[in-house]
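Q: These are the residues of each chain, in order.
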Amino acid sequence: MINTHDILETINMIREENLDIRTITMGISLLSCADSDISRSCDKIYDKICRQAEHLVETGENIEKEYGIPIIHKRIAVTPISMLVAASGGNPVLYAKTLEKASQTVGVNFIGGYSALVQKGFAAGDEALIRSIPEALAETQHICSSVNIGSTKAGINMDAVATMGKVVREAAEITADKGCIGPAKLVVFCNAPEDNPFMAGAFHGAGEADCVINVGVSGPGVVRAALQKIPDGNITDVADTVKKTAFKITRVGQLVAKEAAKRLNVPFGIVDLSLAPTPAVGDSVAHILEEMGLEQCGAHGTTACLALLNDAVKKGGVMASSHVGGLSGAFIPVSEDAGMIAAAENGTLSIEKLEAMTAVCSVGLDMIIIPGDTSAEVISGIIADEAAIGMVNSKTTAVRVIPAIGKTIGDTLNFGGLLGYGPVMKVNAASPAKFIHRGGRIPAPLQSLKN
Amino acid sequence: MRAIITVVGRDTVGILAKVSAMCAEHNVNIIEVTQSILQDMFCMIMLADVKNCNVPFTVLADEAKALGEEMNLSVNAMHEDIFNSMHRI
Numbered sequence: 001m002i003n004t005h006d007i008l009e010t011i012n013m014i015r016e017e018n019l020d021i022r023t024i025t026m027g028i029s030l031l032s033c034a035d036s037d038i039s040r041s042c043d044k045i046y047d048k049i050c051r052q053a054e055h056l057v058e059t060g061e062n063i064e065k066e067y068g069i070p071i072i073h074k075r076i077a078v079t080p081i082s083m084l085v086a087a088s089g090g091n092p093v094l095y096a097k098t099l100e101k102a103s104q105t106v107g108v109n110f111i112g113g114y115s116a117l118v119q120k121g122f123a124a125g126d127e128a129l130i131r132s133i134p135e136a137l138a139e140t141q142h143i144c145s146s147v148n149i150g151s152t153k154a155g156i157n158m159d160a161v162a163t164m165g166k167v168v169r170e171a172a173e174i175t176a177d178k179g180c181i182g183p184a185k186l187v188v189f190c191n192a193p194e195d196n197p198f199m200a201g202a203f204h205g206a207g208e209a210d211c212v213i214n215v216g217v218s219g220p221g222v223v224r225a226a227l228q229k230i231p232d233g234n235i236t237d238v239a240d241t242v243k244k245t246a247f248k249i250t251r252v253g254q255l256v257a258k259e260a261a262k263r264l265n266v267p268f269g270i271v272d273l274s275l276a277p278t279p280a281v282g283d284s285v286a287h288i289l290e291e292m293g294l295e296q297c298g299a300h301g302t303t304a305c306l307a308l309l310n311d312a313v314k315k316g317g318v319m320a321s322s323h324v325g326g327l328s329g330a331f332i333p334v335s336e337d338a339g340m341i342a343a344a345e346n347g348t349l350s351i352e353k354l355e356a357m358t359a360v361c362s363v364g365l366d367m368i369i370i371p372g373d374t375s376a377e378v379i380s381g382i383i384a385d386e387a388a389i390g391m392v393n394s395k396t397t398a399v400r401v402i403p404a405i406g407k408t409i410g411d412t413l414n415f416g417g418l419l420g421y422g423p424v425m426k427v428n429a430a431s432p433a434k435f436i437h438r439g440g441r442i443p444a445p446l447q448s449l450k451n
Numbered sequence: 452m453r454a455i456i457t458v459v460g461r462d463t464v465g466i467l468a469k470v471s472a473m474c475a476e477h478n479v480n481i482i483e484v485t486q487s488i489l490q491d492m493f494c495m496i497m498l499a500d501v502k503n504c505n506v507p508f509t510v511l512a513d514e515a516k517a518l519g520e521e522m523n524l525s526v527n528a529m530h531e532d533i534f535n536s537m538h539r540i
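So the protein lines, in turn, are chains A and B.
Heads up: the first sequence at position 124 corresponds to 124 in this note's numbering, and the numbers run straight through without jumps.
Heads up: the second sequence at position 13 corresponds to 464 in this note's numbering, and the numbers run straight through without jumps.
Hints are not guaranteed to be accurate.
Example chain A residues on the side facing chain B (calculated, C-beta under 10 Å, incomplete) [stated by the list, open to error]:
1. ASP43
2. ASP47
3. GLU61
4. GLU64
5. LYS65
6. ILE69
7. PRO70
8. PHE247
9. ARG251
10. LEU255
11. MET319
Hints are computed from structural coordinates only; laboratory data are not their basis.
We treat Cβ as the ideally placed atom computed from N, Cα and C, and that holds for glycine.
Whenever a hint applies, use it, and build me the whole structure from the sequences.
A: Following this line, the structure appears as structure tokens:
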């Protein structure tokens, strides 16, 4: 039998340190649903999602009970809807409403994939879908949207960057009476992964199988608790401890992923080696950085600590899983992390520092609340900067900022639930308008020429 | 399938009896039991064979949890594989 210490350690991780499986996400290809008639296309989509995901939630709940590990979300990612719009034409919002209906039927809390990939240019369906995003997000509750505007291979589509600045603003404006929730469900990517199980950026890439199971793990609380046990260890000890802990966390993710895939009779895709925080006490990535020795997240040294953390999570996790993918790394969403919220509130953490942090962690500027009067061009400037970091470093970067309409610095915006709350953060308001309105494409960097 | 049933909390009379009774009632065979006192806390770990359990394992897990709440202890019945996968390569 496994020894007592190990058993108690596992139970303690789950009960006291918030270890959980953050999400089981079923990726479903909708390419087989494409039809020149939009209502037929919608019917096929509804049927396919309901058929494939009929037992997803129930299976997740059964695994949760049998293994004693909480599985927080059961979700679905679908083929970028712009590809279906390309075939059918018509109003893309109909697709959003179909996905919403399907999400309610199968009981998942989000469907991701109201998306377009436009890093090199707009194909049929892309512009119509992008223009419809604000309305689609306002009229649905469980639909997430993402747009990929750049990649290391293609460069950055600056026309799309300019458009997305406007779309983010508009999404906030038309949901102003609902706490500006629209842009909290919208991610603008560079180098978007096609197998990401995490919202709001999940979609099912065209190169994926017809249906797969991807799993995202979590466990910032476990990593922090492990570091608390070595207060005097040097940085090598810190990295080793994170690595060992990440291994254990990921092994549970692998177990759940394989079990879910087996029970649902769907291939196992990937495990996303992630540290995903929640606003709950003891579930913060910022607090891990502080445990390493920072007075508060955002202090000088934060980027170095995060680089170490991100790298050690991957090194520990990669051996624990047979297929690794998605975003894989530490997430730093401000409004979803108690430590980040506190650091942003007292001014230790700025957007500029967060931007630096995104160069060494898994995603980008995430869940950041900005003043309601921030112009579309400034938002586009934020997107362009972030995309440039991703493009040059061959990594995924993303922007999910929420203009808090009618609010300014000092105010707070509260989304509730796992999306959390946060202070409105200061944004450099100097205008990049001329740069943004030039349009065109930033050429792919030399890093792309690997052949 | 084998399960690990853990009981952690303040030592009281009849813990072992109650947990064993729950197992017997559901035709669950207890293979191994270890118990110890860790930092004043009673800690019992059972390895059980639930192959012939007469209810779905999820029901047994719920009952174990409820029994724990009734006795003011933490009782968990979990699939053995979660421990194996985390602690064995």
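Q: Give a verdict on every hint.
A: Structure-based check of each hint:
Checking ASP43 (chain A) against chain B by beta carbon gives a least distance of about 35 Å; that is not within 10 Å, so the hint is violated. Nearest Cβ of chain B to the Cβ of ASP47 (chain A): about 29 Å, over the 10 Å cut. The hint is violated. Hint status for GLU61 (chain A) relative to chain B: holds, with the closest Cβ pair at about 8 Å, below 10 Å. Evaluation of the GLU64 (chain A) hint against chain B yields a held restraint, the C-beta minimum of about 9 Å falling below 10 Å.
Contact between LYS65 (chain A) and chain B, as hinted, is supported at the beta carbon level, the nearest pair being about 4 Å apart and thus within 10 Å. Given the 10 Å rule on beta carbons, the hint for ILE69 (chain A) holds: about 6 Å separates it from the nearest Cβ of chain B. Checking PRO70 (chain A) against chain B by beta carbon gives a least distance of about 12 Å; that is not within 10 Å, so the hint is violated. Restraint check, PHE247 (chain A) versus chain B: the minimum CB separation of about 9 Å is within 10 Å; hint holds.
The beta carbon of ARG251 (chain A) comes within 5 Å of a beta carbon in chain B, closer than 10 Å, and the hint placing it at the interface holds. The beta carbon of LEU255 (chain A) comes within 4 Å of a beta carbon in chain B, closer than 10 Å, and the hint placing it at the interface holds. Given the 10 Å rule on beta carbons, the hint for MET319 (chain A) holds: about 8 Å separates it from the nearest Cβ of chain B.
The structure is inconsistent with the numbered hints 1, 2, 7, although it conforms to all the rest.
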